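Chemist: With the hints as extra help, turn the sequences into a complete structure.
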Amino acid sequence: MSQTVLEPPAARQGPGPLPQPLIEALDLAIRRLVAKMLPGDRRAAGVGAGTELAQLRPYEIGDDVRQLDPAATARTGQPHVRLHVPERSLTTWIVLDVSPSMAFGTANRLKADVAEGVTLVFGRLGVRRAGSVGLVAFGGGAPRVLPPRGAKPGLVALRRLLAEGVAPDGQHDADGLATALQRVSRMARQPGLVVAISDFRDQHHWQRPMGALRMRHSVIAMEIVDPREAEVPAVGHLALIDPETGARVEVDTSNRRVRERFAELERQRRQELTRELRRLRIDHVTLATDQDWLLTLGRHLR
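Going by the numbering used here, the letters in the sequence shown line up with residues 39 to 340, in that order.
FYI, nobody ran anything at the bench for these hints, they're computed from the structure.
The structure presented is a predicted model; accordingly, all values stated were derived computationally and were not measured.
Idealized CB from N, CA, C, for every residue including glycine.
Careful, some of the hints might be misleading.
Restraint-style ranges between C-beta atoms, simulated for each label pair [unchecked claim]:
(1) P191 / E269: 38 to 46 angstroms
(2) V273 / E302: 13 to 21 angstroms
(3) H338 / R95: 36 to 44 angstroms
(4) I99 / A250: 27 to 35 angstroms
(5) P108 / R319: 37 to 45 angstroms
(6) E269 / E202: 47 to 55 angstroms
(7) R317 / A201: 32 to 40 angstroms
(8) V273 / R337: 30 to 38 angstroms
(9) E310 / A201: 53 to 61 angstroms
(10) R299 / R197: 40 to 48 angstroms
Modeler: Structure, rendered in C-alpha cells:
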C-alpha cells in the first residue's frame, strides 16, 4: 500500500520583500487605527512641541518666536503663538507564537515566515517617532521576553530572536498564548499597541487575558494560516505528523467523507475563533502562506 507523508518543509523561505512605500502606507494606517481605538490616551502632560494644538494666545516675552502663528497674527493685528500638547511615544508589544505548528507550510512559505514578516513590519513601525517595541515569544517552553527598546537596539533584538526559529517538534503549551498575554498585561504600564501573531491552534484560556488587554490597549490578532489546514488533498493514504506533539496519524484521503469531516472541523474551529475575537472587539486579520501577506495586511488596516 503506497503512502504519502505530509510534513513541514525543511527550509524557511523568509517573509519576502518589504517594500518601503508599503511600509510607509502601513505606518499611516496604524497611526489612524491607534488614534481611533485609544482616543486621547497618547497625550502627555504639559505643553510644548508636538502634533496637537493645545492653545493659541497672544505672544509674551520669552515665548519661542518659532511658534508664531502668521494667520492669527495677521487676523488680529497682534502677534500670537501656538502651543501644542506633546504626543507620548507609543510602545508596541508583539506577542509571537514560536510553537512547532508555526513551522508548517505547503505554499509559498511557512507560517513562521509570515509571522517573521509581520513582526519586522510592526517592529520597524513601532520604533518610529521615539517609540519602542517589546516582544513576548511563547510556544517553546517558558516565554521569552524582550523589554521595550527603541530605534536600532530594539530592531536588532527582534532580529536575533527571530533568527532562533521555532521550537522543536513535540513541545506544546496549551496555555502559552494566555501566559504571554498575561505577561504583557503586567509589563505594559501605559496604553499602547499589542499585536498577537499566532495560528491560534490548540491554545486555551486566552480570551480573558486578551479581553483585559483590550480594556487599556489597541489589540490586533494576526491569525496565520496555511491552505492545507482547511482542506486535505485526495492523495490516498496520508501520514500526518502533528508538530506540536510529534504524533503520527494515518488517514485515507481518497475517502470523501474523511476529507469533508476534516474540512468541517477546521471550519468550526475558525468560526469559533472569529466569534471569540468579535465578542472581545479585537481587530482580526487573517494572513495566508499562499498569498501576498503584506498586501493583505495593508488592505485590512486601510
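Chemist: Confirm or reject each hint.
Modeler: Hint check:
For the hinted restraint 38 to 46 angstroms between P191 and E269, the CB-CB distance of approximately 43 angstroms keeps it satisfied. Taking 13 to 21 angstroms as the suggested C-beta distance range, the pair V273 and E302 conforms, at roughly 19 angstroms. Evaluation of the 36 to 44 angstroms hint for H338 and R95 yields a pass: the beta carbon distance comes to about 42 angstroms. A C-beta distance of roughly 50 angstroms is found between I99 and A250, which places it outside the suggested range of 27 to 35 angstroms.
The hint said 37 to 45 angstroms for the Cβ distance between P108 and R319, and at roughly 44 angstroms that hint holds. In this structure the supplied range 47 to 55 angstroms is violated for E269 paired with E202, their Cβ-Cβ distance being about 32 angstroms. Against the hinted window of 32 to 40 angstroms, the Cβ-Cβ separation of R317 and A201 comes to about 37 angstroms, which satisfies the hint. Between V273 and R337, the C-beta spacing of about 33 angstroms keeps the proposed range 30 to 38 angstroms intact.
One distance hint, 53 to 61 angstroms for the beta-carbon pair E310 and A201, is violated here, with the actual separation near 34 angstroms. Our hint of 40 to 48 angstroms for R299 and R197 holds, since their Cβ atoms are close to 42 angstroms apart.
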